[in-house]
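Construct the complete structure from the given sequences, taking the supplied hints into account.
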Amino acid sequence: MATIKLKPYKTPELYLEGFNISPDVFVGKSPSEIASLEGREGKTRIELGDFFEVSGTTGATASDTNILIDGDCSRVKYIGNKMTDGSITVNGNADMYVGGWMKGGSIHVKGDVDSFCGIAMEGGDIQIDGNAQNYVGCAYRGDWRGMRGGTIHINGNAGNDIGTFMLGGTIIIEKNAFIHVSTHAEGGTVIIKGDVQGRVGGQMVKGDIYVFGNIQYMLPGFKEIGMIEHEIVGEKAMFKHFIGDLGERHPKSKGKEIFGNLYLRAS
Amino acid sequence: MAEFLIKNGFVIDPTQKINGDIADIAIKDDKIVEKAGPGAKIIDAKGKVVMAGGVDVHAHVAGPKVNIGRTMRPEDKLFKSPHAQENYRMEMGFSIPSTFKTGYDYARMGYAFVMEAAMPPLHSPHVHEEIHDTPIIDEGALPVFANNWFVMEYLKNGEIENSAAYCAWLLSATKGYGIKLVNPGGTAAWAWGLNCLTIHDPVPYYDITPAEIITGLIKTNEYLGLPHSVHIHQNSLGVPGNYAVTLESLKLAEGVKARNKFNRDQVMHSTHIQFHSYGGDSWGNFESKAKDVMDYVNSHKNITVDLGCVTLDETTTMTADGPFEHHLNHLNHLKWANTDVELETAAGVVPYVYDKDIKVCGIQWAIGLELALYAKDPSRTFITTDHPNAGPFTRYPRVIKWLMSKNAREETLNTFKHCSKVVDATDIQSIDSEMSLYNIAEMTRSGPAKALGLSHMYGGLGSGLDANVAVFDLNINDMPDDPQKIEDAFLRASWFIKSGQIVVKDGEITNHGNKRTVWVNAKVKENPQVTRDIHDKFLKNYTVGIDNYSVRDYLAPNPYVINVDVEA
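Quick mapping for you: the protein sequence lines, in order, are chains A and B.
According to the working numbering, the first sequence is numbered sequentially starting from 1.
According to the working numbering, the second sequence is numbered sequentially starting from 268.
Just to be clear, a hint being listed does not mean it is correct.
If we take Cβ atoms under 8 angstroms as the criterion, some of the chain A residues that face chain B in the derived model are [as the list claims (entries may be wrong)]:
no. : residue
1   : Y140
2   : R141
3   : D143
4   : W144
5   : R148
6   : G247
The hints are simulated quantities; they were obtained by calculation from the structure and are not laboratory data.
All residues carry an ideal CB built from backbone N, CA and C; glycine is no exception.
See the structure below:
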């Protein structure tokens, strides 16, 4: 696998929209061609070379191309936007929309990410070593088609609105989350290893939520129907099984109503 | 202002029965003239088609409904809003484009006039603000009347003269163009959680039927002698089997003659007829009744229709048919907005995805095209998509492609998952006819201009008409084998001159033009009863005072007023 390296040498004054930082765009281009790719800083058109030193080579295909961003991207948005293959590693933090609309490949951010990580993602893997802000794996504002596939793994905490309108795929939060998990979801799995404050599964139609810690405020639309043992992400545990959101419409399959499942680890 | 000579193009102008003759079109200031002076700027249209500016008889392009759609659908702009071009405003959105994109895209397609199809009277100031904010194109707006308390009361008592006096007052108060009916009676019934699905269902409280409202407003319209006829969105829109209601409503126009000084022949314009030409009694046995509907329209010359073609896009439905939007929301479970407009109307907005792999959507697509292909008189059958309800207006060129090319229709049909079921439920595969450029000009230019009573301004290239001339990169004697090139040519005009100014060159906007708002001022003799009724209702029922109701002049700063003197 060929590696192309982007070394940040200047911090943008406004936020930089790096929507071209993707193996699909970089493939087959020389470092100087990559340096001249378009980005935006506010409403100003910039080139990636204005902020990054580009070196190395790209592979013959996107899948053979690894992008290494060797430095902090706290002010760079849209890393891995719409990527389908290959990999991106960020040795530092990244701003909003990491892996947005991603279809395949993998992204590894060694620091924290801001909001909208994995927004409307369809496939691939995102690994965040630090914390994520809000809207992990959510739908775009107003859209009813959220994350469809792939995996987002946040090693730290996450904020609010995780998996909004989720249709498929998996989100794993190793530590705590704030509020609004799988709101309006119609599929997919969200696993929170720590605590959640509340509003878990509001208006959820289908899908699964696992919470290993506590839910401080349970929604009234969920009903406990029993205990169940599950093995999930390598951990076997007993869970209280809730179904909901009972205030929402639910489709029928083979004459049986399908609900969203909330599994809360029995203490 | 200047002089232009558009030289050597294939001129297509149904108003003068010119079909592709090579001729020159001369422009002086904002009018088409017989001859250009020696200093005229020459525009070379050799090998290209020259038509009048397009006229859109029905589109939802301005006002509160459209804005609710924009507000509730930020996703409509996602990845469809390129960064701003130098000197021109940013363009945003797809099915509910920003005002600037609306003006630009119509101009790129060579359209000169667009009728906003449903103006809630109470919100007419907003409609006019948006119209003013939409560059280049001339626009008018049709206020909605068929669920209005005044109108229902007058018509219940058979008081046509009072109804006319009220309509004339409202047209002038809202700077409106003509009389629009949306789900007559049904929208009023919606305030009680009900609907009128046939034209004989009584409207709660008012004890009047949709049939009486339609008949009464036709009489009102012809009493006033307005440029346009009543413009009706019929009852039972979008319901399987509704073609029977459609035919029954069309029959209400039988025997009525148009009375006006604007060269209009029809007394009823039935809009987005595609949504009203459905057979079957459920979505399971849903089928096309395009032939039945068009057979009737073909044999009755006092009716015009527009298509409302489904374009198989993700779009935003919006209508003053409040109960229909509620029904639609229960079908697709997406977002729903609903508004009641006191005393006057209601509205709803729901996003909708016309998916080519859903059988019903495929059949709807076929019905829209069948209606056009069955039309014996294309100059009474206009191309629309009921923008944005069946698809965005930027798909008109695609509709033209489908109508002009059997291959293009087949190509689309063959991509359907349920192709054979769509073929079984429609006639689309057995129709071989292909429309000509002349037919397209009738359906997008001369026809709608005449139906709107605007044939003295738009729709043709005769001398004295407004200088709206579009040049498309198509050779009438050597039409492209690839039908996609037809769509491309109509999507981006080579040249578009609007009111004597070049506003588009090679498909790009070059000028913000000088748009106008066209409205109708019908002058009736003083009617003390109606004046008192208006005064009373504003005191008792409206939440606004009458002084705050009317559209002030500054909201329509570039008016073109058509005066109608009503002889009682």
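Hint-by-hint comparison with the structure:
no. : hint : verdict
1   : Y140 : holds, 5 angstroms
2   : R141 : holds, 5 angstroms
3   : D143 : holds, 4 angstroms
4   : W144 : holds, 6 angstroms
5   : R148 : violated, 15 angstroms
6   : G247 : violated, 14 angstroms
In terms of the numbered hints stated before, the structure departs from hints 5, 6, listed from lowest to highest.
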